[in-house]
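Participant: Sequence:
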Amino acid sequence: MFNFDDANKKGKEAMDTALKSYSDVTKGFQAIAAEAAEYSKKSFQDGVAHFETLAGVKSFEAAFELQSSYVKSSYENFVAEATKLGEMYADLAKNAYKPYEAPVAAATKAAGKAAATATAA
1 MFNFDDANKK GKEAMDTALK SYSDVTKGFQ AIAAEAAEYS KKSFQDGVAH FETLAGVKSF
61 EAAFELQSSY VKSSYENFVA EATKLGEMYA DLAKNAYKPY EAPVAAATKA AGKAAATATA
121 A
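For the sequence shown, full-length UniProt numbering assigns the number 1 to the initial residue and increments by one for each residue that follows.
I should point out that these hints are in silico values taken from the structure, not numbers from a laboratory. Note that the structure is predicted; figures quoted are calculated from it, not measured. Accuracy of the hints is not assured; some may be wrong.
Under the rule of at most 25 Å between Cα atoms (straight-line distance), these lysine-lysine pairs were calculated in the DSS-like manner [what the hints assert, rightly or not]:
no.	residue 1	residue 2
1	Lys98	Lys10
2	Lys113	Lys10
3	Lys98	Lys84
4	Lys27	Lys109
5	Lys72	Lys9
6	Lys94	Lys12
7	Lys72	Lys94
8	Lys94	Lys27
9	Lys42	Lys27
10	Lys20	Lys41
11	Lys72	Lys10
12	Lys98	Lys12
13	Lys98	Lys9
14	Lys20	Lys94
15	Lys72	Lys42
16	Lys98	Lys109
17	Lys58	Lys72
18	Lys10	Lys42
19	Lys84	Lys94
20	Lys109	Lys94
21	Lys113	Lys98
22	Lys84	Lys10
23	Lys9	Lys84
24	Lys12	Lys84
25	Lys41	Lys58
26	Lys72	Lys84
27	Lys20	Lys98
28	Lys10	Lys20
29	Lys41	Lys84
30	Lys42	Lys20
31	Lys27	Lys84
Using the sequences and the hints given, assemble the complete structure.
Facilitator: Have a look at this one:
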């Protein structure tokens with residue numbers, strides 16, 4: 001017989017899990033957006049400062065050396081930021097999946113038992 005109380009309880013648990021997951025994902029995306037905005041702002045400021053310095057250079061050799069060091073540091077900063085954002089996205093994915101781990105494991109186990117029973121019959 002179908003038990004409406006159990007169905008209602010399972011539905012409430014599923015909704016609570018979905019809302020918690022949605023909240024965690026939203027917070028994760030906000031953190032990623034804040035980090036990207038901060039990096040963009042810093043990168044722009046570094047670029048402006050570099051071009052101001054570059055405008056005051058008197059020789060070609062000094063300009064070349066200044067430009068080379070700027071490109072190197074910009075690349076290193078970009079790689080570090082890309083790595084950090086990649087880790088943030090990975091953490092976001094792990095946190096978004098975490099509430100569903102137990103129900104998926106239980107469903108997989110139940111499906112495996114049902115398949116074994118059906119094959120044995």
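Participant: Has the given pair, Lys27 with Lys84, been kept, meaning a C-alpha gap of at most 25 Å?
Facilitator: 16 Å, holds
Participant: Is it true that the CA of Lys98 sits at most 25 Å from the CA of Lys10?
Facilitator: Given that 25 Å is the threshold and the Cα spacing comes to 18 Å, the pair holds.
Participant: Starting from Lys72, check that the Cα of Lys94 is at most 25 Å away, please.
Facilitator: This hinted pair is violated, its Cα atoms lying about 33 Å apart.
Participant: Check whether the Cα positions of Lys72 and Lys9 lie no farther apart than 25 Å.
Facilitator: 58 Å, violated
Participant: Given the hint that Lys10 pairs with Lys42, test it: the Cα-Cα distance must not exceed 25 Å.
Facilitator: 48 Å, violated
Participant: Would the hint linking Lys98 and Lys109 be met if the CA-CA limit is 25 Å?
Facilitator: Holds - the C-alpha atoms of Lys109 and Lys98 are around 17 Å apart, at most 25 Å.
Participant: When you check the alpha-carbon spacing of Lys20 and Lys41, does it fall within 25 Å?
Facilitator: 32 Å, violated
Participant: Decide if the proposed pair is consistent with the structure: Lys20 and Lys98, CA atoms, cutoff 25 Å inclusive.
Facilitator: 10 Å, holds
Participant: Taking 25 Å as the top limit, are the C-alpha atoms of Lys58 and Lys72 close enough?
Facilitator: 21 Å, holds
Participant: Keeping to a limit of 25 Å between CA atoms, is the pair of Lys113 and Lys10 held or broken?
Facilitator: Given pair Lys113, Lys10 holds - Cα atoms ~21 Å apart, limit 25 Å.
Participant: Taking only the CA atoms, is the gap from Lys94 to Lys12 under or equal to 25 Å?
Facilitator: 23 Å, holds
Participant: Do the alpha carbons of Lys41 and Lys84 lie within 25 Å of each other, as the hint requires?
Facilitator: 16 Å, holds
This entry does not satisfy hints 4, 5, 7, 10, 11, 18, 22, 23, 24, 25, 30, going by the numbered hints stated previously.
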